[in-house]
Each structure stands twice: as C-alpha cells, then as structure tokens.
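Q: Chains as they are written, first to last, in the numbering used here: chain A, 1 to 336; chain B, 1 to 291.
Hint data in this document are derived by calculation from the structure and do not stem from the laboratory. A portion of the hints provided could be inaccurate.
[As the list claims (entries may be wrong)] Computed list of lysine-lysine pairs in BS3-like fashion (alpha-carbon distance at most 30 Å, straight line):
hint : chain 1 : residue 1 : chain 2 : residue 2
1    : B       : 258       : A       : 141
2    : B       : 33        : A       : 141
3    : A       : 198       : A       : 184
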Amino acid sequence: MSRATAAGLARGGAFAAAGIAFPFVFNQAWIVNIGVLTLMYAALATAWNLFSGYTGYITLGQAAFFGLGAYTLGITFQHFGIGSGYNPFYALPLVGAGIAIASLPIAWIALRTRHMTFAIVTLTLLFIVQQLAFNLRSLTKGSTGLMLPTPHFAIDSYDTPFYLAMLAILLAGLSLCWLILRSKLGLMLLAIREDEEKARGLGIRVTGAKLIAWWLMVWLSAMVGGVWAYYLTFIYPESSVDPLVMIGAVLMTFLGGRGTLWGPTVGALVLVPAQQYMITKLGASRLYLVGYAAVFMVVLLLLPRGILPSLRSAIDAQRERRRTHREPRVREEAHA
Amino acid sequence: MHELVQAIILGILVGGIYALMASGLTLVFGIMKVINVAQGALVILAAYLSYALFSHLHIDPFLSILIVTPAMFVLGVAVQLVFVRSLRGPDGSELSLLVTWALALGIEGVLSVIFKTNFRVTSPSYADNSWSIFGYQVSEVRVLAFVASAVLLLALSLLLTRTRFGRAVRATVQNPTAATLLGVDANRVQTLSFGLGVSMAAAAGAVYGVIYPFNPGSHYDLISRLLSIVVLGGLGSLGGAVFAALAMGVIEAIVAVKISPVWSSFSFFVVLITFLLVRPQGIFGVRERVL
Numbered sequence: 001m002s003r004a005t006a007a008g009l010a011r012g013g014a015f016a017a018a019g020i021a022f023p024f025v026f027n028q029a030w031i032v033n034i035g036v037l038t039l040m041y042a043a044l045a046t047a048w049n050l051f052s053g054y055t056g057y058i059t060l061g062q063a064a065f066f067g068l069g070a071y072t073l074g075i076t077f078q079h080f081g082i083g084s085g086y087n088p089f090y091a092l093p094l095v096g097a098g099i100a101i102a103s104l105p106i107a108w109i110a111l112r113t114r115h116m117t118f119a120i121v122t123l124t125l126l127f128i129v130q131q132l133a134f135n136l137r138s139l140t141k142g143s144t145g146l147m148l149p150t151p152h153f154a155i156d157s158y159d160t161p162f163y164l165a166m167l168a169i170l171l172a173g174l175s176l177c178w179l180i181l182r183s184k185l186g187l188m189l190l191a192i193r194e195d196e197e198k199a200r201g202l203g204i205r206v207t208g209a210k211l212i213a214w215w216l217m218v219w220l221s222a223m224v225g226g227v228w229a230y231y232l233t234f235i236y237p238e239s240s241v242d243p244l245v246m247i248g249a250v251l252m253t254f255l256g257g258r259g260t261l262w263g264p265t266v267g268a269l270v271l272v273p274a275q276q277y278m279i280t281k282l283g284a285s286r287l288y289l290v291g292y293a294a295v296f297m298v299v300l301l302l303l304p305r306g307i308l309p310s311l312r313s314a315i316d317a318q319r320e321r322r323r324t325h326r327e328p329r330v331r332e333e334a335h336a
Numbered sequence: 001m002h003e004l005v006q007a008i009i010l011g012i013l014v015g016g017i018y019a020l021m022a023s024g025l026t027l028v029f030g031i032m033k034v035i036n037v038a039q040g041a042l043v044i045l046a047a048y049l050s051y052a053l054f055s056h057l058h059i060d061p062f063l064s065i066l067i068v069t070p071a072m073f074v075l076g077v078a079v080q081l082v083f084v085r086s087l088r089g090p091d092g093s094e095l096s097l098l099v100t101w102a103l104a105l106g107i108e109g110v111l112s113v114i115f116k117t118n119f120r121v122t123s124p125s126y127a128d129n130s131w132s133i134f135g136y137q138v139s140e141v142r143v144l145a146f147v148a149s150a151v152l153l154l155a156l157s158l159l160l161t162r163t164r165f166g167r168a169v170r171a172t173v174q175n176p177t178a179a180t181l182l183g184v185d186a187n188r189v190q191t192l193s194f195g196l197g198v199s200m201a202a203a204a205g206a207v208y209g210v211i212y213p214f215n216p217g218s219h220y221d222l223i224s225r226l227l228s229i230v231v232l233g234g235l236g237s238l239g240g241a242v243f244a245a246l247a248m249g250v251i252e253a254i255v256a257v258k259i260s261p262v263w264s265s266f267s268f269f270v271v272l273i274t275f276l277l278v279r280p281q282g283i284f285g286v287r288e289r290v291l
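Looking at chain A on its own, in the form it has when it is part of the complex (with noise of 0.2 Å):
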C-alpha cells in the first residue's frame, strides 16, 4: 500500500470518526438538526460530484430522484407498512436501488443528446417527477401532501438516528467515489470528460461508464431523500422536488472543486451552516433567496475551480519554489 493511500484512508477514518462522535459530543437538538441537513446536503453534492464532476456531463434533475426517494419511502408507509424505527433505514437502500433501475432507461435516452441538451433534458425529469407528485393523487395526496408515521425515538436524541443515517450515505458516496477514482472505471469516466469522441474512438464503453455513474448517483440521491422524508414525516411536491436543494448541492460541488473526492463535502461543510444562518436571519423576508444567488454568482464567477483545486495548485507552486530555490524543506505541507 502506497503512502498516499495509508494518508487518504487516515484522512477517511478520521472523517468517519470525527462525524459518528459529533451528535454524542454536540447533543444539542439544534445542532445536530444542522448537522443533519450538512450531511444531506454534503452526500447529495457528492452524488452529483459522482456523475457530473466525473463525466462532465452536468445533470440539473437530481432533485427528481431525491424526489421519488422520499415519496417511495412515503407511499411504502402508506400501502406496505415497513415497520417503523430503524426498519425503514434498512429498506432504504432497496428503495434506491429499485428507483436508480428505473431511471437507467430515461437516462439512456438523455445521454444519446450532447451536453446542453443533455443538462436540459434532465431538468424536465425535475418538472415530470413533480407533475406526478401533484397529479397521482391517489398515491401522493397531491399538493395537500403525504404523512408518514413519526418514529418512537427518545425525544432527547430525536434527530441522532437521521443523523447517523445521512451519514452512512455520506460515507458510502465517499467510499464509492473513492473507488470509483483508483478503478479503471474512473479512467473511463475521465477520458469521457477530457474528450469523449477520442474515447469512444479507443474502444471505451462511454454509454456504458456514464450509465454506471447514473446508477450510482440516482442510489444515492434517493436514499437521501427517503432519509429526509422519514425526518420530515410530512412531505409536498415543492419540498421534496425542490429545485433550490439541487442546486445547493451543485453549489457546494463547485465551491469545494469538482471531480475531487472532498470537494463536495469540504463545500457542504462551509455552505450549509451559513445557509441555515442566511435562512433563520433573512428568511421571512425571502432575502434570503438574494444572498443566495450572491453567493453563487461569487463562486461560479471567481473561484470556478473550487476551494480544494486552488488550494492544491496554490501548494505545489509553493513546493516548486522552495525546490528551486534549493532550500531545505522544512516539513511535509498537509494535502488538501
């Protein structure tokens, strides 16, 4: 095992701990209702990170599969009754899995367009799942919304279990995506995103690649929806087909650095409480919709690589200068 493997998976462990530690050490409820909502929006960043970062190809419709996770997990309540305490987070996964299959034919037909139309074409998906969302009335309830049963959690800890659960999704996105970059799967998607006719040209599997990447981001997106769903225990076609959320989690993926492994996360980190911030202080007044198109504009117009990418060329240029200017290097400067 190299040395920058032992360092990535030091840096991975710590994460893990450092997060599974946070809710006993901080129990605050509203603490950890922040960090539930940061761990949403850091796994949902990385599954977007997963398929777009990687492939190029930017998807603005992860907010339908988002979507579909929480109504599944909601209409599975209704008609099925999956238990309730911890139940429904093992069934969660199925959940995604089955809602990931059934998109694969959708976005076959979406990834036969080129990027724009492809970008566009997964923005209608948004408007289709929450057409379906106001119109199945018999399953959704329509705009008056789906209850689900609210959970026998201690009252103290109430919000512990979401966030243990948004966690593990955060954690398996991080672990695939890891993989994903040390696998020839991740040469694949990387040749697709430098240019893919030359890829398609030296025989990779480009349809293919990129409908694993799909896969893999829909599970994901929509476990994290059905985890929000059952936290929420009420749901609407605007909250959990919400345009808004998507694109914080694309947000946070640009300012942490696209096609990184901690860029999402690191983005989520640093959005999602000044978010909440943003929201508690401006949010009767809507402003707070401004500050946040502000603060889009700021990250896509002058820091479009992203934190983690800066941060990285800013290190290595240091490095090159200490090394010609020959002076004795004095310690080994931390990754990003």
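Start from chain A and add chain B according to the hints.
A: Frame of chain A, contents of chain B only:
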C-alpha cells in the same frame, strides 16, 4: 369536433407567446452557446414592470411593451457584460447554465421582497371581452397577445435577414471563427444579441401578465416549458423554436380538453422525451459539433 377546434385555436394563441419567449432563448444559444435559464425569470420581471406601469400610471399593458422592452434590453446588455462575458473556456457553456440560474434566483428573490408572493394579474378593462367567430369563442387579449408576438417575431426575423447586424449574427451562428476573420466584432454581436434575447422575454412578459396570473415563483414553470420548446425545436434554431412552441400549445390544449387539464404540461414533457429517442438533435437542430 367543435371542442377540438376550439382547443387548437387556443393552443396556437398560447403557443405564439411561448414562441416569442423561446426565440430569445434559442437566439442567444445559437450565438454564444449559452442557455439563459433566467429567461423565465426575466419574463416574470417584465410582467411585474408592466403590471406596475398599469396599476400606477394606467399605461395599457400592450402599450407598455414599448417601454418595458427597451428597458430590459439595457438590462440584458448589462447582464451579458457583467455575468456572462467572463465565462469562457472549455466548460463555459455549462457554467453559464448555473450562472443564469443564480440570476433567476436573484430576480425571484428581489421580486418576492418587493411584490410579495401572492399572485397578480394585469387586468385592463377589456380583459374579459371575447369575440365569437364562426361559433368559436376567442378571448380578445389572447388574440392581441398573439398578434403582438407575431409582429415582434416577424420584426426579429427581418432584423436577422435584412440588416447588416443580422448578417453578422447569422455569420457568428454558422462559424464564429470565420465571422471574426471577416471583421465581425464577436463581442459586440454577443452583447447585443443577449440584449435582444432579453427584450423578447420582456415583450412576451408584458403580454403574459395580462393572460396568466403570476407570482415571483412562476418562472420555474415558464423555464421548464421554454427549455423543452427549444430542445424540441433544436437548440439554436429560430424556426424550430416557433414550430415547437405552437406544437406545445396545441398538444397541451388538446390534452386539457380530451383528458384532463392537470396532465396537459406533463404531456408535453412526454412528447419531448419520446421525440428525443428518435431524433436527439431536435426537429430542426443540427448535431452539436465537438470543438
């Protein structure tokens, strides 16, 4: 049969307005490969401007097109200069989707702060009048809106085909590099065209506010339709956008009477996805070139 013809008439009238909005979107894409996701929000902004002019200064909404359109042209030019121009490089197009989305959120936020989120409609005295032609009821404002849209689309197409600026625009669409070599100022063409695209949204917005109730969040519904229209028509194709807009209007109206109004906008999305299965580049689109 009577019901069906009535639906088709209504669909064409509605489609005309969407054609005007979509023309701006597809024009801007053709020239600079930028999808302006804020087009819907700009339509709503114009609807509010026209509403404000009507309710405070009693200016007729159709007359207010003459005020709102130039004002929004200036806004469009400013937006292009400040936000869109700096997006260059290999993934400039993709970034433009997100930047204009952020712009849409900003507009929605500002409008919600100023006008709150309840629905408005600009209602001049003749809003409820309708004509009866061969037994078909057609609302007066809808016909006026359609005529206004058609006139503006005609003006746009004349501008593109008969003027020096139009020739520069078409040259840039066909081959940006060659156009620049032949002395076309690409920056100027891009900025002015973006302004032009926004003015189309502005003109359409002024009439939109007479026909439909709107609130700051209405832009999501609009942009989802507009994007579907330009993709179905073929990104960058003006004729395609007009054709697809009319098709959307008619399909939705027919579904609304024959099946149920709640499924009307859904039906168009299904048509779009099915169509892309057969022809991924849209009706009049050309396959996007790999640069």
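Q: Check each numbered hint against the structure and report the violated ones by number, ascending.
A: 2
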